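Number of protein chains: 2
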Amino acid sequence: MSFREHIETVCNNLEGAVACSVMGVDGIEIDTFITSAPDNEMDLKSLLIEYSTLLKSVRDAAEVHKAGGVTEFSVNTEKLLTVARLISPEYFMVVAMKPEANYGKARYLLRVTAPKVQAEF
Amino acid sequence: MSFREHIETVCNNLEGAVACSVMGVDGIEIDTFITSAPDNEMDLKSLLIEYSTLLKSVRDAAEVHKAGGVTEFSVNTEKLLTVARLISPEYFMVVAMKPEANYGKARYLLRVTAPKVQAEF
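Residue numbers (the numbering used here), protein chains in the order written: chain Y, 1368 to 1488; chain F, 1368 to 1488.
Calculated directly from the structure, the hints in this document are not laboratory data. Predicted model only: the values in this text are computed from it and were never measured.
Remember, identical chains collapse to one label, so a pair may be satisfied in a single copy or spanning two.
Pairs of lysine to aspartate or glutamate residues, derived as EDC-like cross-links and limited to a Cα-Cα distance of at most 16 Å, are as follows:
| id | residue 1 | residue 2 |
| --- | --- | --- |
| 1 | Lys1433 | Glu1408 |
| 2 | Lys1433 | Glu1445 |
| 3 | Lys1465 | Asp1410 |
| 4 | Lys1446 | Asp1427 |
| 5 | Lys1465 | Glu1382 |
| 6 | Lys1412 | Glu1430 |
| 7 | Lys1412 | Asp1393 |
| 8 | Lys1446 | Glu1408 |
| 9 | Lys1446 | Glu1430 |
| 10 | Lys1465 | Glu1439 |
| 11 | Lys1423 | Glu1396 |
| 12 | Lys1465 | Glu1445 |
| 13 | Lys1433 | Asp1410 |
| 14 | Lys1423 | Glu1457 |
Between the sequences and the hints, there should be enough to build the whole structure, so can you do that?
This is the structure:
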């Protein structure tokens, strides 16, 4: 399976999913599958790029303070829930969903899918 | 009830809780209840201060990209899970716990406790 199939599978198994993406912590997108626009005004791709920059800062902060490697990073807003899971220190998978989506299931889907994506690297 | 009682209640109801804190997004702590040192090497208070700075960046990014107000922010590492919930645009509650703790319960406890803390402001 390619990246695309894995990220598509995550979206297809999560009601309320908006997008799933494989990205670098430098903000460069490897592949993104978008199911629906979350909101006409929201700039989803730019938001994910901003989050990836923050994920890099989170990773560095955790390292400096001896908290170990970052496994998961999540930001929930009034309009969008996002959960990111590190695939490697440089790459992560992220799923964005509507606020009414099943957050616990999104975490589960990332946990089981991330190793499969990692295997493709 | 004071802040202290609320944050103590969160820790007492969450097995594996390490600390619960009410902080400003400027990194200034209002009150913190620490149940146990998570790791001899980890500098928990400094880590929470770093996370609070990142939370401020997350809030600003979400605002710029029209994603609405941030409700929750979470960073999980190999040694420590942390969930933060905004009380107001300037203040948040955060709970830090061991990796084996019940993350879902921590989110629930913050969701029900944050409005009580907010009422004390």
